[in-house]
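Q: Chain order of the listed sequences is A and B.
Counting from 1, position 406 in the first sequence corresponds to residue 406 in UniProt numbering; the numbering is continuous, with no gaps.
Counting from 1, position 448 in the second sequence corresponds to residue 448 in UniProt numbering; the numbering is continuous, with no gaps.
Each pair may be met inside one copy or between any two copies, as identical chains are not told apart.
Straight-line distance between alpha carbons at most 25 angstroms, and here's what the computed SDA-like set of lysine to any residue pairs gives:
| no. | residue 1 | residue 2 |
| --- | --- | --- |
| 1 | Lys243 | Glu179 |
| 2 | Lys103 | Met118 |
| 3 | Lys435 | Glu391 |
| 4 | Lys243 | Gln309 |
| 5 | Lys459 | Glu391 |
| 6 | Lys273 | Val227 |
| 7 | Lys243 | Ser61 |
| 8 | Lys103 | Leu119 |
| 9 | Lys292 | Phe147 |
| 10 | Lys156 | Lys273 |
| 11 | Lys229 | Glu276 |
| 12 | Lys422 | Asp433 |
Hints are computed from structural coordinates only; laboratory data are not their basis.
Protein chains: 2
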Amino acid sequence: MFTLPQEESRAPATGLGSASTRDSNYGDGLERECSRKPDQKLPDPCDPTAMFSSNSSYLSSRGGIIKWFWDSAEEGYRTYHMDEYDEDKNPSGIINLGTSENKLCFDLLSRRLSQSDMLRVEPSLLQYPDWRGHLFLREEVARFLSFYCKSPVPLKPENVVVLNGCASLFSALATVLCEVGEAFLIPAPYYGAITQHVCLYGNVRLVCVHLDSEVTGLDTRPFQLTVEKLEMALQRAHSEGVKVKGLILINPHNPLGDIYSPGELRDYLEFAKRHELHVMVDEVYMLSVFEKSAAYCSVLSLEGLPDPQRTHVMWATSKDFGMSGLRFGTLYTENRDVATAVASLCRYHGLSGLVQYQMAQLLQDRDWINQVYLPENHARLKAAHTYVTGELRALGIPFLSGGAGFFIWVDLRKYLPEATFKEEMLLWRCFLDNKVLLSCGKTFECKEPGWFRLVFSDKAHRLCLGMQRVRQVLEGKSQAAEAPSSCQSQEPRSQHR
Amino acid sequence: MFTLPQEESRAPATGLGSASTRDSNYGDGLERECSRKPDQKLPDPCDPTAMFSSNSSYLSSRGGIIKWFWDSAEEGYRTYHMDEYDEDKNPSGIINLGTSENKLCFDLLSRRLSQSDMLRVEPSLLQYPDWRGHLFLREEVARFLSFYCKSPVPLKPENVVVLNGCASLFSALATVLCEVGEAFLIPAPYYGAITQHVCLYGNVRLVCVHLDSEVTGLDTRPFQLTVEKLEMALQRAHSEGVKVKGLILINPHNPLGDIYSPGELRDYLEFAKRHELHVMVDEVYMLSVFEKSAAYCSVLSLEGLPDPQRTHVMWATSKDFGMSGLRFGTLYTENRDVATAVASLCRYHGLSGLVQYQMAQLLQDRDWINQVYLPENHARLKAAHTYVTGELRALGIPFLSGGAGFFIWVDLRKYLPEATFKEEMLLWRCFLDNKVLLSCGKTFECKEPGWFRLVFSDKAHRLCLGMQRVRQVLEGKSQAAEAPSSCQSQEPRSQHR
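Based on the sequences and whatever the hints tell you, model everything.
A: Here it is, written out as structure tokens:
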């Protein structure tokens, strides 16, 4: 780990030796994506001086970098945790619109998980498990995915591996598919925590396929991924000596909220097949499509995957069931070698037998899911989304949102005096100073300064107060600088989706 | 990972490039220590031909090795799983005396874990946790360890990191303390799964401090660890160019059942301090000391640790609470850098908030632990131990057992026609063919062929049947070869402990 040859570490591709901002995972109840102080530099493992400040005489050099990921969360979430909003105890505390969690359905979940069928303690649940996950759970996962992914044929339990969340899955897959220093393509902006998932243990890097907001033709959209862009990024990586082993697709997309059409999905998979690339498909928001008009298509619904042996699908309960603290994730792959190799690492990513039992109970309760949970969850997501997008429209702020996920990708470029990440960071800090935490585009590797991700899946009173504070900051900015920013000409069309 | 330079991989120190047998983690409810077909070779990462058979065109070279660990469990536990003993359904199936699990107290545990205070579902438990573990749990762990480890001062929650088992802890500590290819000293025989824990993700190797059964003086015992042996192993590693970063101590010891005295512990810790070595102390059997006369001393009970910044103590519920399937482990370290770096990796080793709540409830129930669980658990362990040692004595078989743990270290050298690991493996297979699974010394890196670990913490009917089958095999062997084996002169003295 962290031993890339120097020529690689200088390459512009995203990797430990090159990228400048990363996610971290400082604790106390938060998702750490986008939590780093946005102007902080990743220490360069090839420069002992740069390492000095972050390293410890007790840790290895890789240990120093791993610790750095934790420490560097200082300004964002650490500030939040020192001054967390509480309606009664700390009403002037910070509102968190930065963490992608669904806080709208705890009542439904608590009620379901508290039912008596959830607490079963059998000897087999207390003994060493099958590291792939108990068979009864893998059978439920296969049935669940067959149904909700609309698989043309029943999915098989032997293709399922269960572990404690998709973070672990990214880590394990990267390790078993890549050598040290090899890379995955990833369209950017992207859910930034993936950077550390593939690099902390596996020392695998990401090569960004940079998308931009400009719309270049009919039937296209801002930040659209095309096969041409994939080809170019792959060629560039090759020309820089970076070996690319796979492609990461996030669908529905985080942070864009985009949903890929079946045709697009097939195009990306065909591209991967042509180049013998593995595809890791992250579908953790697949049941969080709240807009009825949005047609979601899982990779597992496609008739005849182009390269089934190199297509690996991940899902979890963290987003779709609003249970990020439950640590349940699953891999579906037809590749026996990959499933076995990931299972072999599962000793380090195992989850309690008692939780495995609970998850099997939950996933098999189709009545509750279809008649109670999903309709209510979607209605609440839609209501919160309607409220926030109304506020944004009233402020004249362009945004992207495809009717899926918990967030809106907001274009605040006109509020930057200059189109720089320094200005983006100043605006981010301005929000924080005004007691609202957002995530800025830099932490998603967005190449255009000025985009922010705003999470709306929170209770009305927190959402209202958060939006009030956002409005205050932006109105203050508007008054301070009336002149339009130089980058406004790049503003995407048809952003209100 | 798996990229040791060739000169390192040839070194006799235990590591990926040199050792010949390892544990694996094939699933279906079993601890995989000692599960590999004992004569299987670890593929040599520096030899592409050797790799060919175990590798896959879809996996990286390290992925191939990781998969190999799973596949190579074929003959032992896989055979067992195809033909598992069941009193009613498969009475002629295989009895497992190889997996170190305590199956004696499921009734007590099931009753306690099924109580209504165990099922609490709060929003905070469903949200992203503090990756170090929820504070309420770390507080309970600190109180629990302060009491049961007899700490001279109260232990602090901020020095606690909670994760899903000690396997993960070995993996995380190895990664943050060592560079790729660096090593830990470990007295051998040792719980063999540690090999993969430190190498699969971290590519850290083990350097064995080989102990032998011969007793060389008064007040000494077979397989005794001395500072002299530690010094010699360290020097040898240095002379072979292997950088040693730490020492692993298992206390009570697996598989020896040994308990280190306070004086011994201090000697080993002073040795480590002299050489600036980290010490990972594995105390997962600390409450499984069932012999009243055996005085156990945790490292955390010592007044003034020699090098507190390099002393890292691990404990889990897997053994002492017979819940290997619950996946709960904990680190205690005063070193803030180490705690933070491990916490940063905890995103990949997190456990469910619901389980964290359950564990806090369990650990704080001192009445149940002291008045119900521990007395009953110790009584049952002692009864099972008394039965098995009686059987061994009747057979005239020497053994070691210190009144702690779930196993007896059995000297079957006189049953080997020749003192070779090939013969040890043949005897191991003989047991398996006779439907009883044991663990042989080779999988613990024991240097003397003919030692076996026999787990006794199982219900009477399985234990009786297992011992009957062991007796059948050994009596058959005695008849086949009446002549004493050449290695009998090395038989240790005072083995009946």
